[in-house]
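As given, the protein sequences belong to chains L and P, one line each in that order.
Every position in the first sequence, counted from 1, becomes a number in the numbering used here once 817 is added.
Every position in the second sequence, counted from 1, becomes a number in the numbering used here once 817 is added.
If you are wondering where the hints come from, they were derived from the structure by calculation, not from laboratory data.
Since the structure is predicted, the reported quantities are computational estimates derived from the model, not experimental observations.
Treat the hints with care, as some may be off.
In this list, chains with the same sequence are indistinguishable; a pair is considered to hold if it fits within one copy or across any two.
Using 30 Å as the maximum straight-line C-alpha spacing, the simulated DSS-like pairs for lysine-lysine come out as follows [as the list claims (entries may be wrong)]:
#: 1; residue 1: 904; residue 2: 843
#: 2; residue 1: 843; residue 2: 863
#: 3; residue 1: 894; residue 2: 843
#: 4; residue 1: 863; residue 2: 904
#: 5; residue 1: 904; residue 2: 894
#: 6; residue 1: 843; residue 2: 915
#: 7; residue 1: 935; residue 2: 894
#: 8; residue 1: 894; residue 2: 863
Protein chains: 2
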Amino acid sequence: MRFFEDIPVGARAETGAHTFSAEEIKRFATAFDPQAFHTDEAAAAKSHFGALCASGWHTLAVWMRLNVHSMGEEVRKLSAAGAPVAKIGPSPGFEDLKWLKPVYAGDTISFETTVLDKRPSRSRPGWGLITMRNVGHNQSGDEVIRFTAAVFVERRDKIPADGTAP
Amino acid sequence: MRFFEDIPVGARAETGAHTFSAEEIKRFATAFDPQAFHTDEAAAAKSHFGALCASGWHTLAVWMRLNVHSMGEEVRKLSAAGAPVAKIGPSPGFEDLKWLKPVYAGDTISFETTVLDKRPSRSRPGWGLITMRNVGHNQSGDEVIRFTAAVFVERRDKIPADGTAP
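From just these sequences and the hints, can you work out the full model?
Laid out in structure tokens, this is it:
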């Protein structure tokens, strides 16, 4: 990650995209959300969803995988450029999660993130708290998921002035 | 589910409990949250968590499985008693999710739910919206996760007065 000081409010970035296959929708739902509209095409066709669709928790889990990958890519780019890399801390949680439309088998969801707010952490000296809005759109441009997440990011002022990271 | 009218605000129920094995923690994290403190014991020991712990999304996914099972049990009990069973609709989302403590390999998390609020739905005639606080505690009694979820539940007044469900 970039350091707290280097992340501007309003910054927008793509997190990644994923196409949800019927097979993986059924596999996740069988393990964690075994409701018929997530595990069986025929039952889903008769449900209020009208067709097989992903568990909302599956959509979130896929977002997390893309998010971890995206953070790893940023670390690789910063390291390749010889820039110092900020640590990120644990996420204290999430707010206002909305599942706005179903994610159907075959849908490709593209996620993006926008920095809503930042402030130095009171509870963790040397860290700042970044608040981000994450949204996912399907291939028709419909928003399918939206939530606000907070994450602790290291502050640059922990690094000695000569640039040598601890 | 019971009908909207039959669910009292303040009602509290156990959702179920689950022991998180190291193997399943690593399997989930490899698929959806591949950070070293969720996938590798040695790396986790050196991290700020101090030991292998579950992805927060894994804890949520396990809660969802227990929740689906718990709802199924309630349907079976109502049906066995000859009582009508209310439908539940899709969840519009959740709020204020907090991961308060890590869930370590070997931890047993017990979940419970409390009805915080209920109101007839304006957007869906015949349905009500139930808001619930869900919490999970580990075997030491520490709260590890907490979130507020909303769900649409069918209203009894859709059922004809003679008790024959549509």
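Hint-by-hint comparison with the structure:
no.	hint	in the structure
1	904 to 843	between (36 Å within a copy, 22 Å between copies)
2	843 to 863	within (17 Å within a copy, 36 Å between copies)
3	894 to 843	between (36 Å within a copy, 27 Å between copies)
4	863 to 904	between (48 Å within a copy, 14 Å between copies)
5	904 to 894	within (15 Å within a copy, 50 Å between copies)
6	843 to 915	both (22 Å within a copy, 28 Å between copies)
7	935 to 894	within (23 Å within a copy, 49 Å between copies)
8	894 to 863	between (48 Å within a copy, 25 Å between copies)
Figure legend: structure checked against the earlier numbered hints; every hint is met.
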